[in-house]
Amino acid sequence: MDTPPFDFDQKWKELENGLSLIFDACLNTAAKGTTKRSISPKEWTNYYTIVYNWCTRQEEQKKEELYHKVSSFFESIVRQQAELLKTNRGVILLREYLKIFDNFTAAATFLKNIFQYMHRYWIPHQQQNAVDGKSIKIIDQLALVKWREICYEMLKNAILEALLDLVEQDREGETVDKSLLSNFVQAYIKIGVHEEIPDNFYKQEFQNPFIEKTKEYYTKESDLFHQTNSVSEYMKKAEERLAHEQQTAQRYLHPSTEPELKSACEAVLITRHNEILQNEFQSMLKHEREDDMKRFYHLLSRIPNGLDLSSETMKNFLIDVGMAIIKEQSSTSNTKRALINSAPFIHRLIKLHKKYVDIITKCFSDHKLFVQAMDEAFTIFINKNVGVFTMAELLNFFVDHLLKGNEKLSEEQLEETLESTVRLFSYFDDKDVFYLAFRRSLSKRLLSRKINEDAEMSFIAKLKVRCGDVYTKKLEGMFNDIKLSNERQPAFKEYVKTIEPPLGIDITVTVLNDLYWPLTKQTELALSSELLRCMKAFEDFYHKHNEKRKLTWLYNQGNVTMAYNYPDPKGRSKKLDLIISCMQACIVMLFNDTNRLSFKDVQDQLNLTDEILKYSIAPLIYHKLKLLNRIVTNANNVENVQNKKENPNKETNKPKEDDDDDKDTVTQDDEFEIAQMKRIPKTRVAYPPGSTRMIQKQSQQLQDKTKQERIIKIELALVRVMKARNVCTLNELISEASSQLMKYFRPDPRIVKKRIETLMERGFMKRDEEDQKQIHYVA
Amino acid sequence: FLQYADEQNKDFINEEGLERFFQDLGIELSDILTLIVAWQFGAETFGEFSKEEFIEGFKSLRCESTRDLKNKLPSLKAELKDDRCFREFYQFIFNYVKGPDTKVLDLNMAVELWNVVLKDRFKFLDLWTSFLKERHNKAISKDTWNLLLEFSKHINATMTNYDDEGAWPVLIDDFVEWATPKISSVDKK
Numbered sequence: 001m002d003t004p005p006f007d008f009d010q011k012w013k014e015l016e017n018g019l020s021l022i023f024d025a026c027l028n029t030a031a032k033g034t035t036k037r038s039i040s041p042k043e044w045t046n047y048y049t050i051v052y053n054w055c056t057r058q059e060e061q062k063k064e065e066l067y068h069k070v071s072s073f074f075e076s077i078v079r080q081q082a083e084l085l086k087t088n089r090g091v092i093l094l095r096e097y098l099k100i101f102d103n104f105t106a107a108a109t110f111l112k113n114i115f116q117y118m119h120r121y122w123i124p125h126q127q128q129n130a131v132d133g134k135s136i137k138i139i140d141q142l143a144l145v146k147w148r149e150i151c152y153e154m155l156k157n158a159i160l161e162a163l164l165d166l167v168e169q170d171r172e173g174e175t176v177d178k179s180l181l182s183n184f185v186q187a188y189i190k191i192g193v194h195e196e197i198p199d200n201f202y203k204q205e206f207q208n209p210f211i212e213k214t215k216e217y218y219t220k221e222s223d224l225f226h227q228t229n230s231v232s233e234y235m236k237k238a239e240e241r242l243a244h245e246q247q248t249a250q251r252y253l254h255p256s257t258e259p260e261l262k263s264a265c266e267a268v269l270i271t272r273h274n275e276i277l278q279n280e281f282q283s284m285l286k287h288e289r290e291d292d293m294k295r296f297y298h299l300l301s302r303i304p305n306g307l308d309l310s311s312e313t314m315k316n317f318l319i320d321v322g323m324a325i326i327k328e329q330s331s332t333s334n335t336k337r338a339l340i341n342s343a344p345f346i347h348r349l350i351k352l353h354k355k356y357v358d359i360i361t362k363c364f365s366d367h368k369l370f371v372q373a374m375d376e377a378f379t380i381f382i383n384k385n386v387g388v389f390t391m392a393e394l395l396n397f398f399v400d401h402l403l404k405g406n407e408k409l410s411e412e413q414l415e416e417t418l419e420s421t422v423r424l425f426s427y428f429d430d431k432d433v434f435y436l437a438f439r440r441s442l443s444k445r446l447l448s449r450k451i452n453e454d455a456e457m458s459f460i461a462k463l464k465v466r467c468g469d470v471y472t473k474k475l476e477g478m479f480n481d482i483k484l485s486n487e488r489q490p491a492f493k494e495y496v497k498t499i500e501p502p503l504g505i506d507i508t509v510t511v512l513n514d515l516y517w518p519l520t521k522q523t524e525l526a527l528s529s530e531l532l533r534c535m536k537a538f539e540d541f542y543h544k545h546n547e548k549r550k551l552t553w554l555y556n557q558g559n560v561t562m563a564y565n566y567p568d569p570k571g572r573s574k575k576l577d578l579i580i581s582c583m584q585a586c587i588v589m590l591f592n593d594t595n596r597l598s599f600k601d602v603q604d605q606l607n608l609t610d611e612i613l614k615y616s617i618a619p620l621i622y623h624k625l626k627l628l629n630r631i632v633t634n635a636n637n638v639e640n641v642q643n644k645k646e647n648p649n650k651e652t653n654k655p656k657e658d659d660d661d662d663k664d665t666v667t668q669d670d671e672f673e674i675a676q677m678k679r680i681p682k683t684r685v686a687y688p689p690g691s692t693r694m695i696q697k698q699s700q701q702l703q704d705k706t707k708q709e710r711i712i713k714i715e716l717a718l719v720r721v722m723k724a725r726n727v728c729t730l731n732e733l734i735s736e737a738s739s740q741l742m743k744y745f746r747p748d749p750r751i752v753k754k755r756i757e758t759l760m761e762r763g764f765m766k767r768d769e770e771d772q773k774q775i776h777y778v779a
Numbered sequence: 001f002l003q004y005a006d007e008q009n010k011d012f013i014n015e016e017g018l019e020r021f022f023q024d025l026g027i028e029l030s031d032i033l034t035l036i037v038a039w040q041f042g043a044e045t046f047g048e049f050s051k052e053e054f055i056e057g058f059k060s061l062r063c064e065s066t067r068d069l070k071n072k073l074p075s076l077k078a079e080l081k082d083d084r085c086f087r088e089f090y091q092f093i094f095n096y097v098k099g100p101d102t103k104v105l106d107l108n109m110a111v112e113l114w115n116v117v118l119k120d121r122f123k124f125l126d127l128w129t130s131f132l133k134e135r136h137n138k139a140i141s142k143d144t145w146n147l148l149l150e151f152s153k154h155i156n157a158t159m160t161n162y163d164d165e166g167a168w169p170v171l172i173d174d175f176v177e178w179a180t181p182k183i184s185s186v187d188k189k
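Chains as they are written, first to last, in our numbering: chain A, 1 to 779; chain B, 1 to 189.
Hint data in this document are derived by calculation from the structure and do not stem from the laboratory. As the structure is a computational prediction, the values presented were derived from the model and not from experiment. Glycine residues also receive a C-beta, built at the ideal position from the N, C-alpha and C atoms. It is possible that part of the hints are untrue.
[As the list claims (entries may be wrong)] DSSO-like cross-link-like pairs, simulated, lysine-lysine; straight-line CA separation at most 27 Å:
hint, chain 1, residue 1, chain 2, residue 2
1, A, LYS773, B, LYS138
2, B, LYS81, A, LYS754
3, B, LYS138, A, LYS766
4, B, LYS103, A, LYS753
5, B, LYS103, A, LYS723
6, A, LYS707, A, LYS626
7, A, LYS753, B, LYS51
8, A, LYS707, B, LYS138
9, A, LYS773, B, LYS123
10, A, LYS713, B, LYS103
11, B, LYS142, A, LYS766
12, A, LYS575, A, LYS450
13, A, LYS754, B, LYS123
14, B, LYS182, A, LYS753
15, A, LYS766, B, LYS153
16, B, LYS81, A, LYS773
17, A, LYS723, B, LYS142
18, A, LYS707, B, LYS81
19, A, LYS178, A, LYS86
20, A, LYS315, B, LYS133
21, A, LYS754, B, LYS182
22, A, LYS753, B, LYS153
[Claimed, not checked] Facing chain B, a subset of chain A residues (Cβ under 7 Å, in silico):
hint, residue
23, ASN731
24, LYS753
25, LYS754
So here's chain A without its partners, still in its complex pose (with noise of 0.2 Å):
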């Protein structure tokens, strides 16, 4: 083939001679700023084909020559502009750089086209099949690679020290060129480009280096500020570095960087003085600074496990001020104190409670960790001794004040309180001692028939939304039989009236279904006459309707208004109403004989145990009102009073308290007579079924009949499990059993423990006789 003669050296002082102008032009642009000798498209296309010619040219190394040749002549305009940049410093030195950096740049791409042919065959075919075929590149990647090699690792030093500077200046609070920061990130990433990752270039020669320098930086900052100022102002500083830099990362950086430098500054900033931020934690809550709080909860968030140790820090607070509260209450010896205080009581917890909810919503987001610390915390000073009464059976006389509607709350605030009043009783294990005491309450508060009907059954919904309809079921019943004896009393009333001779006496009457009350008849009674008619009365008419149910008597519930015709200090004939017990009544019956009585007079008379009269006799002695006189004949009671006047030291060694419960005393040696009325301005009235006294005994009754009751549950759920699982473990009995229930109370594994002893004793189970932990159900 007869190809012409290609003069290599020739074409190629002529292709670096447009490269040249090229190059000048585009650098020295800014240089000049006039006119720039731009290339024509002729002399464009000249170029072109000279490199066309070049390559399609049979001899293989020229080609590789001509590569070389380029690479050389980059070289020789890289070294020429790092000696123009070399003798600036900071910020000259930066924008310097980026102005030539660019036009650089620019003047590569433009070559590449010029160099078009190579990139398509000759390029390639090297980066393929050479030894060293990687270290060819395009055209304007070696441009960069050059830039690389020569100025930019001759200046890198300087470059950094500049832009660092200005990142501690901009913290420093002066204003500077941030878009040099941004350009430059941009200039790194384009120098990176050809690599694996790009990134990595960047991250090497700036990122790491920055983030070095902001954690020096940071952490001489905060500790120096941590000696000067408190923690409150050292927070509102961190939150503000915080924010600072996550701007600056977010506007001027690279994406990559912002979730390395807001770890970063977080470690040095929080983390570093965890223990100073946790320990001021304390106080904070304390003092109730909900700022702080808000902003501790805010900054702690961000590091991992930050938050542990607060809400640790939290609960263990809690702890202290609730069984603060505790401890008073329980210090309270005397029963009537401690009823008194019941509801103060409670409220105390309550607006803990509450404070504590709006604080936790406020200041750490409803955070779950700091939820659940107070739900702990709760719970175990909750189920803490109270003194003379149990918690159960404080919350009841709560609820019961309340919903007598001793507190003047309007019906919102009232249902306010129960919902609370709820949402402490789901901290309790022992929610069966509540369940009995609060039928117990609810029994005497439907009977006085004095009832808000609306704010009981809210209550109990909210008891069946928190904990269950466990007990609902007995409760509704109560209701429900009060109800039924409302909507049957019109018809006894006609009844009554078809009755000869007429009663005289106006009866109403109550039927309970025994299932459901928690009342038991006390004791017999021996009614006069009236009031056996009455009795006889009603008898008959319920049995027209319900054959077959048997009646019984419940002879210490109910009331009797009694008229009580007595004279007056001045001999005038007075009336008045009393309202008191049946037992009461028929007590003061019998003084329509005689004036004065025995113990044992009236106890035989009316057929009363000792407990019953002592109880139903105290309030008519004790009451302001005096309606009798105790007169204490025994010589024993004589010597006592004798001997409080010998003692006065032992007396006043004894709390005033006592004194109140001695007030309450009747024996079986008094004597009764009727007292001298005064002049009574009131037309009727109320005396108490009994004194405070049984409060307390019916305290001890409540928690045998609850040990009663729970060893019954015990059983059934376990049988109940072994049915259902046919072997198992012993532990896992235990646990599986126990957990079914927690809706009643906590068990105590000792005695789940004991009654599988029992009912494997009984033949409800066995153990395997190979492996003493299995336990077989028998059928």
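For this one, chain A is given, so just place chain B on it according to the hints.
Frame of chain A, contents of chain B only:
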């Protein structure tokens, strides 16, 4: 058999007959061998042997006469060295002595039996009996009886290897709790 049989009821040997029987075997009434024999004979009721039990017993032991049986006694005793064997024997005794009417064994009986049967096998036997007398004072259930054997095998000299989660009866839990301080105080001396 007829030698020992009861006067009225020819099918049973009663206590008095038993006494003579054991005498002829050269065994004391308080010896563990009386129980071993009862066990081997599969006796049902404490204090008596039925005709069947007696005859079957001799057959299964391959003895023709009392003298044979007497010679076999040492080997019978030796059999108990095997754990499995002993366990069977031990559990048998409970049912045998308490009788078919009740579910539990009287405490004093139990203590006596333990002193015979668990002597040298249970290092805390004395401690156990004192504990029962002091704290328990009620009859012993089958569960407790059976598990005491396991307990005696497992427990080490200082009671430190007691496993709370080991599904032991509550009585044994209580015993360990009661006894541990006593043991450590003995050690300290």
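Would the hint linking LYS753 of chain A and LYS51 of chain B be met if the CA-CA limit is 27 Å?
Violated. LYS753 of chain A to LYS51 of chain B sits at ~44 Å, over the 27 Å cutoff.
Straight-line Cα separation of LYS182 of chain B and LYS753 of chain A no greater than 27 Å?
It holds: about 25 Å lies between the C-alpha atoms, which stays within 27 Å.
Pair hint LYS754 of chain A and LYS123 of chain B, alpha-carbon separation not exceeding 27 Å
With a Cα-Cα distance of about 26 Å, the restraint between LYS754 of chain A and LYS123 of chain B holds, given a limit of 27 Å.
Tell me if the straight-line CA distance from LYS713 of chain A to LYS103 of chain B falls inside 27 Å.
This hinted pair holds, its Cα atoms lying about 24 Å apart.
Within a Cα-Cα threshold of 27 Å, do LYS103 of chain B and LYS753 of chain A meet the stated pairing?
holds, 19 Å
Proposed interface contact between ASN731 of chain A and chain B, which counts if any beta carbon pair is under 7 Å:
holds, 6 Å
Distance restraint between LYS103 of chain B and LYS723 of chain A, which requires alpha-carbon spacing of 27 Å or less
Judged against 27 Å, a Cα distance of about 23 Å means the pair holds.
Is the Cα-Cα distance between LYS773 of chain A and LYS123 of chain B 27 Å or less?
holds, 24 Å
Going straight from one Cα to the other, do LYS178 of chain A and LYS86 of chain A come out at no more than 27 Å?
holds, 22 Å
Does LYS142 of chain B sit within 27 Å of LYS723 of chain A, going by the straight-line distance between their CA atoms?
holds, 23 Å
Taking only the CA atoms, is the gap from LYS81 of chain B to LYS773 of chain A under or equal to 27 Å?
holds, 26 Å
What's the verdict on LYS773 of chain A and LYS138 of chain B, does the C-alpha distance respect the 27 Å limit or exceed it?
Roughly 24 Å between the alpha carbons, so the hint for LYS773 of chain A and LYS138 of chain B holds.
The structure shown violates the earlier hints numbered 2, 6, 7, 18, 20.
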